[in-house]
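Using the hints provided, position chains V, B and D relative to the given structure of chain A.
4 protein chains.
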Amino acid sequence: MTATPFARPLRGIVPPMITPLRGRDELDAAGLERLIEHILAGGVSGLFILGTTGEGPSLGYRLRKDLIQRTCRQVGQRVPVLVGITDTAFAESVNVARWAADAGAHAVVAAPPYYLPEGQPELQEYLDHLLPEMPLPLFLYNMPALTKVSYELSTVRRAMDDPRIIGLKDSSGNMIYFHQAAGLLRHRPDWTLLIGPEEMLADAVFAGGHGGVNGGANAFPRLYVDLFHAAASGDLPRVRELHARVMRISDSLYHVGRHPSAIIKGIKCALSLLDVCDDFMAEPFHRFREPERERVRDFLKKIQGDHA
Amino acid sequence: MTATPFARPLRGIVPPMITPLRGRDELDAAGLERLIEHILAGGVSGLFILGTTGEGPSLGYRLRKDLIQRTCRQVGQRVPVLVGITDTAFAESVNVARWAADAGAHAVVAAPPYYLPEGQPELQEYLDHLLPEMPLPLFLYNMPALTKVSYELSTVRRAMDDPRIIGLKDSSGNMIYFHQAAGLLRHRPDWTLLIGPEEMLADAVFAGGHGGVNGGANAFPRLYVDLFHAAASGDLPRVRELHARVMRISDSLYHVGRHPSAIIKGIKCALSLLDVCDDFMAEPFHRFREPERERVRDFLKKIQGDHA
Amino acid sequence: MTATPFARPLRGIVPPMITPLRGRDELDAAGLERLIEHILAGGVSGLFILGTTGEGPSLGYRLRKDLIQRTCRQVGQRVPVLVGITDTAFAESVNVARWAADAGAHAVVAAPPYYLPEGQPELQEYLDHLLPEMPLPLFLYNMPALTKVSYELSTVRRAMDDPRIIGLKDSSGNMIYFHQAAGLLRHRPDWTLLIGPEEMLADAVFAGGHGGVNGGANAFPRLYVDLFHAAASGDLPRVRELHARVMRISDSLYHVGRHPSAIIKGIKCALSLLDVCDDFMAEPFHRFREPERERVRDFLKKIQGDHA
Amino acid sequence: MTATPFARPLRGIVPPMITPLRGRDELDAAGLERLIEHILAGGVSGLFILGTTGEGPSLGYRLRKDLIQRTCRQVGQRVPVLVGITDTAFAESVNVARWAADAGAHAVVAAPPYYLPEGQPELQEYLDHLLPEMPLPLFLYNMPALTKVSYELSTVRRAMDDPRIIGLKDSSGNMIYFHQAAGLLRHRPDWTLLIGPEEMLADAVFAGGHGGVNGGANAFPRLYVDLFHAAASGDLPRVRELHARVMRISDSLYHVGRHPSAIIKGIKCALSLLDVCDDFMAEPFHRFREPERERVRDFLKKIQGDHA
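Chains as they are written, first to last, in numbering that gives the first Met the number 0: chain A, 0 to 307; chain V, 0 to 307; chain B, 0 to 307; chain D, 0 to 307.
These aren't lab readings, by the way, just hints derived from the structure by calculation. Any given hint could turn out to be false.
List time: in silico DSS-like cross-link candidates among lysine-lysine, alpha-carbon distance up to 27 Å [said to hold, decoys possible]:
1) 147/A x 64/B
2) 147/A x 300/V
3) 300/D x 64/B
4) 147/V x 147/D
5) 147/D x 147/B
6) 147/V x 64/B
7) 64/A x 64/V
Reference excerpt, derived from the structure (chain D facing chain V, CB under 10 Å, subset only) [to be verified]:
8) 26
9) 29
10) 73
11) 174
12) 176
13) 186
14) 188
15) 196
16) 202
17) 205
18) 207
19) 250
20) 299
21) 301
22) 302
Model, not experiment: these values are computed from the prediction. For each residue, glycine too, the CB sits at the ideal point set by N, CA and C.
In isolation and in its complexed conformation, chain A is listed as follows (with noise of 0.2 Å):
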């Protein structure tokens, strides 16, 4: 099936589906069903799938294809699928793209093969041999902290002379490089530019940004649509007033473990926990054990408390 064209920029919430499983390279295929319309009920402008949020290198290529088909599946056309095929293996990111388009996905988006670092020719050099394979549009995915190489300034600037890459979602956390990648703008007018951390998404949208990929939209999608479109009014009190609640959640959820992977596994617990999907986590990571959980419990419930 193809998919149907969406409008680009693309604008809005785009949230970086964590993956339900119920054991390990097993999907919560019900629980995966349950999210999805849980996440499209909040007003999204898309969903992207297979992102570090949704440990998509953790998965195995089987499970990855069918978790592909199944969103797609159950997304149909409401908003664009964007599917991650970042990997050490340019083989490998080549299938789960026609994967992707083949199930009726919009985009792909790649970060830098993550293995041994490329430098900046390498990685430029890499986009050309990428982009013919590349049955859709693709997404550069600025993830320094994990990849150990950021597709710095001149490799986007160089990649916007390219229409098939259509916009960069970045993740570094670093706003002086935001707001450079955000000057860019001016050369494609049609480039999408999103924000991965949701404590800066009202300041990457002040910036000339488009929206978010933040994670918290998996547990509270409403909350970051409307922290978006406040943002995108420039309705400053009501930024504050939701930038709030999106930094309570940030220092509840994501600081209950010790490692990095706890952003991950506080989004999993709080769907777990609100009856919305299993919170299994893909190895080498576990799911918050009971003490934990606890913990996650009551930071809902506070959490709650606000939204009521």
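Then chains V, B and D, alone, in the frame of chain A:
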């Protein structure tokens, strides 16, 4: 087919074999045969495929399987074959390990999953989950510059309590760590401790290590084997002479390019110039172009003069 | 002499003044007078000397003392003067603080001691020891790229319980950290939170911060003051316009050189071209040579066109 | 007074002396005398003061001057005294170097200025500026973990062309770098190459280095001197035995605390328990409290058992 057990600790040189490629996703099968014979003729003690030098993470799974089968068939029981299973996806590591066992390989080798960094407790639990799925004994592979996470010494010590884990390859370049790891050998007399960087081979043997997994042994296996024996027998003058040759290779061959991939490119280029195999690199890397190739040619002449 | 108390939180632009030098270990005294008047004429709210932009750690103590005295005399009570006392040696930090108090400065500013990295408990104890020796209130200065150690949020929170610590200047560039620090302001209504990187000035004010310590305000103080006021009053179109000018300065002036010192060199070079003061740099750095100076001259023409 | 010239390269153990303190900004003068005699009695080849282990950057200048004078007076011409002048402020490095020359020290030692990181061209120019001001020959001190900047090998090679620079102390812990530095010795037969981490002392001597600047030699100077001689004479069994003792010290004494300061704290605590000198630490650090002190006491008993 089942592999013959091998004497432990495994002593000597276990080259991290480069993967001869003819093009994207395509083995250089004839080159592979020549390369294996070229290496084995040097008197090595084993062969390690699908490691960093082997561009393991950059290769598609179909090709990895093909490489494992061809290598095991060609090597037979002449030396143990170790197969890298390092992956971000647990399911894929298990698949590769099974292919390795089915093909008659002798052991598997795993660095920490390298996308989202684990804490040490998470890494320990990962090993606990991995081991029951492993059809072959396991080597740990410490490569923090690329995986961001180390096997810290407390984790190594804990791993020694499990007889299914049989050794550690350390590519950290941190000599203090290596000495500390050597100090742990008293807990497991059969445990194998190997060094990655060839510049440190003699140091590692003096420190109580059992040998090296040295990239340069792809091109000059006899040199590294000789250096190992000189160090193991405490022949300091001979060590000095052979180590100086190793340093000349390192100073020249590995510094032609500017990016971290330069070492692999240098070795592959040398093997191509020696008519052993093709020097195609898997994406995102590219073989040396003519100017760099010319410099390797020059170095090769000088290096070979050494051995005349 | 004793400084007049200043209103807290301190709101607006507090430029991190560059230190005009005529040669090694030699102040450009006339340039210093012109620079101070140039900056104050822009409507700034304070002046911060001996910070990173001021090359504080590169200056000998005799010169630091001279600079403190001249600056305080020249500024008088027009705006508060903040003096950097960051040092690896406790005794020297105390000395500089005393010179500052004697000269009539209003506050001191300290980043963590930056040679051997401290743990957070050590950093907290350091503050406990430092405070009784301080004759002036203290600002924390978060600059992890240079000091290797952050004031983590738990340490900031603890510092807020001591009334002698009155604020935080954050130069981490990490917008998530800044939002989290802003969230702590509810514990101390008089606490001042300032942002270092000028690219983030408007974001910082929207986030609840009180202003900026922005290097570019040495050359163009009015621009940063205007941007601050636009952000503080929620005038988004005006913010957009002024922020774009700030980004043009950043994109041009700060990227002429290749090393981290390029920002300071760019600002000093611009001030020299504007006939404000000399652009000599303290070792180990060197002012721009003619080709770079030429590029700054060109940028300056374009930037000044902006303000015409 | 003028120092007697010393034989070059300088071979053997040159302990990086801890600085005995009785309190903040106060030398333990009697302890200093005992410590110097304790160290010299071990047969060391020199004494290095005001390095990292000496807490040089944490000490006020008055105290540094006092330490230099007392140390030079006490040592006399028995062994060369090397004085650390590492500083972020050029003028202060020059001052300390002059005090060293006036007091009769034999050489000075400089790591790269360590606040704002230099590029290598800037670092080379820094040396060009520093040398004419130096009244004594200069050792380079490579300590990238603390200074953020390395003396890269190209910079070392260039420094070798200046006869006023006479050696390199490498504390990087990077054995590949050390081998490469050793390879440069052919360009300067009088150049001294010393290793910092004591765990690598024997490796360094085998690699062609001339000895070690090893912190543990404060407490157990004879052990390190013996290990040096064993390595220098190629007595491998004796190296193995003595190296094992060094590793036991490292594994115990340096891992009592959790922060990077733990090594210095451990050495100072041991010297205090041996009744050599006080273990006060300069801010921002604090001597071990009783529980840690108890552990050091236990380790000391075991370690001394080794030597009985």
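- [ ] Mind checking the CB of residue 301/D against every CB in chain V and telling me if the closest is under 10 Å?
- [x] violated (15 Å)
Task: Pair hint outcome, residue 147/V versus residue 147/D [Cα-Cα no greater than 27 Å] - done: Judged against 27 Å, a Cα distance of about 19 Å means the pair holds.
Open item on the list: Hinted pair, alpha-carbon criterion (27 Å max): residue 147/V, residue 64/B. Please report holds or violated.
Closed with: violated (44 Å)
Task: Residue hint residue 29/D, partner chain V, criterion CB-CB below 10 Å - done: violated (34 Å)
Task: Pairwise hint evaluation, residue 64/B against residue 147/A, where the allowed Cα distance is 27 Å at most - done: Violated, at roughly 43 Å.
Open item on the list: Using the nearest Cβ pair, does residue 202/D come within less than 10 Å of chain V?
Closed with: holds (4 Å)
Open item on the list: Given a cut of 10 Å on the nearest C-beta pair, is the interface hint for residue 174/D held or broken against chain V?
Closed with: holds (4 Å)
Task: Evaluation of the interface hint that places residue 302/D against chain V, nearest CB under 10 Å - done: Interface hint status for residue 302/D: violated (15 Å vs cutoff 10 Å).
TODO: Mind checking the alpha carbons of residue 300/D and residue 64/B for me, to see if they're no more than 27 Å apart?
DONE: Judged against 27 Å, a Cα distance of about 50 Å means the pair is violated.
Open item on the list: residue 299/D was flagged as interface toward chain V. Is the shortest Cβ-Cβ separation under 10 Å?
Closed with: violated (19 Å)
Open item on the list: Does residue 64/V sit within 27 Å of residue 64/A, going by the straight-line distance between their CA atoms?
Closed with: holds (20 Å)
- [ ] Return the status of the interface hint for residue 250/D: holds when the least beta-carbon distance to chain V is below 10 Å, violated otherwise.
- [x] holds (7 Å)
When each numbered hint is compared with the structure, violations occur for hints 1, 2, 3, 6, 8, 9, 10, 13, 14, 20, 21, 22.
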